[in-house]
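Take the sequences, apply the hints, and build the full model.
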Amino acid sequence: MRRSWLLAQLGGPLDCNCRADGRLIDLLALGDDELTKALAGRRLSELRGQLADFEPGELARGNGIAEICRHDRRYPRGLRALGVPPMLFAAGELRRLVRLTTAPVVAIVGTGRATDYGLEIAGDLARGLAASGVTVAGELADGIARAALIGALEGGGGAVSVLGGGVDVGAPARSRSLLAEVKRGGVAVSELPCETPPRRWAAAAAKRIVAALAAVTVVVEADDSSRELAGARIAQALGRTVAAVPGRVSSRASCGSHALLRAGARLVTGPADVLDLLCDAERPAHESRDRHAGLDARLRAVLESVGAGIDTPQKLTANGEDAGEVLHALSELELRGLLARGDGGRYVARSAVGRLVVR
Amino acid sequence: MLARAHTFTIEGLHTRHVTVEVDVRAGLPAFTIVGLADAAVREARERVRAAILNSGYEFPARRIVASLAPADVPKVGAALDLALACALLAASGQCPRERLDAHVLFGELALDGEVRACRGTLAVAQATRQAGLGRLVLGPSGAREATLVDGLDVAVAERLSSAVRVLGGGDADPLLARSSDVVRRSAGPGPDLSDVRGQHHAVRALVIAAAGGHNLLLSGPPGTGKTMLAQRIGSILPPLTRAQAVEVTRIRGICGSIGGELVSERPWRAPHHSMTTAGLIGGAQRDSIGEVVLAHHGVLFLDELSEFARPVLEALRQPLEDGRVAIVRARHSTIYPARFMLLAATNPCPCGYAGVGERCRCSEAELARHRRRLSGPLLDRIDLLAQLDHDAASHASAPAQIDSARARDLVTAARERQTARLREDGVTLNAHMDASMLRRLLALDERCEGMLRSAHERGLLSARGRHRVLRVARTIADLNESERIRARDLGSAIALRGDAGLSGKRAA
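Chains as they are written, first to last, in this note's numbering: chain A, 1 to 359; chain B, 1001 to 1508.
No lab work stands behind these hints, which were simulated from the structure alone. If you're wondering where the values come from, they're calculated on a predicted model, not measured in any experiment. Heads up, some of the hints might be wrong.
[As the list claims (entries may be wrong)] Quick partial rundown of chain B residues pointing at chain A, CB under 8 Å, derived from the structure: (1) G1132; (2) G1198; (3) M1451; (4) R1458; (5) S1492.
Every residue gets a Cβ at the ideal spot worked out from N, C-alpha and C, and that includes glycine.
This is the structure:
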C-alpha cells in the first residue's frame, strides 16, 4: 500500500526517467527508501515524513476493486518471480483473476501504430488462444494491444489488461469502452491505486507486468525502437519465451519483429504455434496451405492477389480488368468473411472463423 | 393627378408584384418615395429626375409622392426606376395613362434615359405571365432572357422615350439578335474523362454516381486525382432538360448574371472550405441565396470535406434528404429548391497518408478526431465511396478506360431507363427512390437476398445502408442494361458502399 502510494506521488520524476532504456525498471526495483532518495529531490524530507506516518486507510478505494498483496496466495505466480509490484489492484472478479492467471498466460504486444495486417493477426491470435483456454495479457493501449484484447474477449473472455494508472481512471477516453468490456469479460489490473491518472512512466512500467505475467510474449508488429521492443526485452531478461510474427520485409512496422527473429525469437504464424510453444513441443512440419479450396477460381485469384499485396481495387484493376467484376469479387469475399476493408481502401485477408461483431 | 404602374420586386428566389402609384399635386416642390424602399430604390429619385430631364421631358416642379404598394413588403434594387418614371410622366400628363395597367415595367434607368436590365428578369417574366398582367417592357439586354417564357408579350425599350412610345401604342424597339460579342456562358466541353489513367474503380464509381444521381465521396492521399476526377463529372452528365434549364437560368438570373442565355450545362459549385452555414444554405439576409440552391440540378463539390466546419456539414442534411431547404428567420421564412448531387473529396487522415505504407504520422487520437468529423449523419447520406491510392507505376502506362462522350452516352441511356420506370412515382433518378419504392420496384432473386443477408449478419450493412446499396445496385443494373438486379450488380454496389470505416484503424 505504502509503495503504491509512493509511486503515485513520484509520478512526475518517474516520467522524466522513463525515456532512458532500462533505467525505469532499475528504479522500480529499488526499495522505498532508495527510490525516495533517488527521485524526491527537494521534497525528500517531506515525503520521508509522510511515508513514515502512512496509513493504509488514506488510499482511495474504488467500488468492486480488489487489492492483492504479494504475500497473498492469490497473487499471480508470474509476478511473484519478478517480485516488483508488491500490491496489485484488480477490477473484475478476484476469482476470475485467479482463474486467468493460473491458466497459461500469453502476452501479445506490439506497436500502437499497427497496420491492418498486424491488427488482423493480433486479433486472430488472441481469439484462437482465448478459445483454447489460454489467457491473453496485454496493455490497455492502441494498436496491437487493443486488437489482441478485443480478440481475446471475442474468443471467450480470457483477457488480462494492465493499466498505466488506477484501474478506475487509468484509461484514455478513447479506450474507456474497451476497459468496460475488459472488466466485464476479463480482468483489468494495475500497480497504482485508484484515482491515479494515467502517466507515461506507468504505461512503460505496465509492459514489465505484462511480460512477467506471461509465459510466452508474442510480438506481432513492432518497429526497432527501444520503446516498442521494451516488452520483448523485459520478457527476455526474465527468461521467458519470446516469439514474433513476421511481416513483410519492406514494412517498417515489422522490422522490430524481424530483428527479434534474427536474434533467436521463436517464429509464430498462428495460434497453434503459440500453443506449441506453451507445451514446448515441435509441431509437424507440413500444414495444409490451401484453406480456400471451396472457392471458385475467380475469387481465389482475387484473394491470392490481395494476400500478395495487390490489395486495393485500384491495383487490382490496373491491368485493365473489369472494375465491376473485381468489385463484385471483393464483396463476395468480404461477405464470406475472407476479406475485410482496412485503411485507405485496402483489403486485408482474414481467417474465416466465426466471430462476434463488436460495436 | 394620379397614375399607377406595375412592376415586380425580387424577394429571395420569389417575386412580389408591386404597384407604383405616383401623385403629383400643387405644393412645395418635393419628391418622396414611401413603402419600405431600400437604399437603391430611394436613390431612384435622382436617377429618375435626370433620366426624365435628359430624355427631353419636363420634371414637374410640384409636390410628388410615390407609393410602392403593398406598403409592408420591402422593395429592393433599382428595377423599379422604369415604373416610377413612367408613372410620374403619366401623372404629369406627358405619357398616356390608359395602357399603364396592361404593362409591367421592369428596368433600371441610366441618367441619360437608357433602360438597363436588372437581375431576376426571367423570374419577373414568369411572374408576369402567371399573373396575366399583359406586356412586359424592359431593357434590350434582358429581353432575350424574358423571351424564354412561352406566350409572354415582351416589348423592348432601349430608352425611357421608347417606353413612353410603347405605352402610347407605338412600336417597340427591335429585339437584339444574338451578337457575337455577347459572352456565351457555356465554356466548351470541359476536361475529358479520358485524361484519367488507371483508377478504374473510381471512374466506374463516377459514372455510376452520374447515372443515378448518387452522392459520391472520393477518399485518398494527396495527388491521387480526387479533384481531377471530380472536375470531369460535368462532362459526363446529360444536359439539362428545358424545364430544368429554365429553373437554373432563373436562379442564376436572380443571383446576378444579367442577360444570360438559357443555361445548358449543369451547375457546378465548388465552394472553399471556409464557407459558412449561411453561405451554404442562404438566408443571411432576406434575399441571400446559398450554394446548395445555386447547385440545384447540378453538382455541389466539396473538396477537403474534413476541413469544412462541422455545422456547415450538418446543415447539408436537409437538402440532401428533401431536395429543398426551408429557411426560417425571425422576420421571414421561405423554401428554396436544392436538388443537387453531392460530390466530396477528402484525405483519409489529417496528414493525408493513412494507408500509404508507413508514411502516415497521425496519432490514434488524431485519426479518431478526423473520423468523428466525417462520420455520422452526413456519411449516412453518401451512397458511394471510392477510395483512391497511389500507384504511380501503373498510372502512366495504363490505358484510358473510357472517354467522356461514351460515358455520357451510358449515363444518358441509364437515366432514360430510370425515368421510364420511375415516371409514375414523381421522381427521375434512382438516388431519390424511397423505401417503399425500393420494395415495390426491386425484385431481388434468391442469390441477391442471400448476399444482403450475409452482409447484414457480418455487420457490414445497416438498414439504411441496405437501402443505399440497393439504389446503387439498381443504377448499376441500369448501366448494364439489365431489367433485374443481378448478383454482380449488387456485389459492385456493396464494394462501393459508403459506410465502411473511412480511415484510420478499425476497432476490431
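Review point. Failing hints, ascending?
Key: Violated hint: only 1; rest satisfied.
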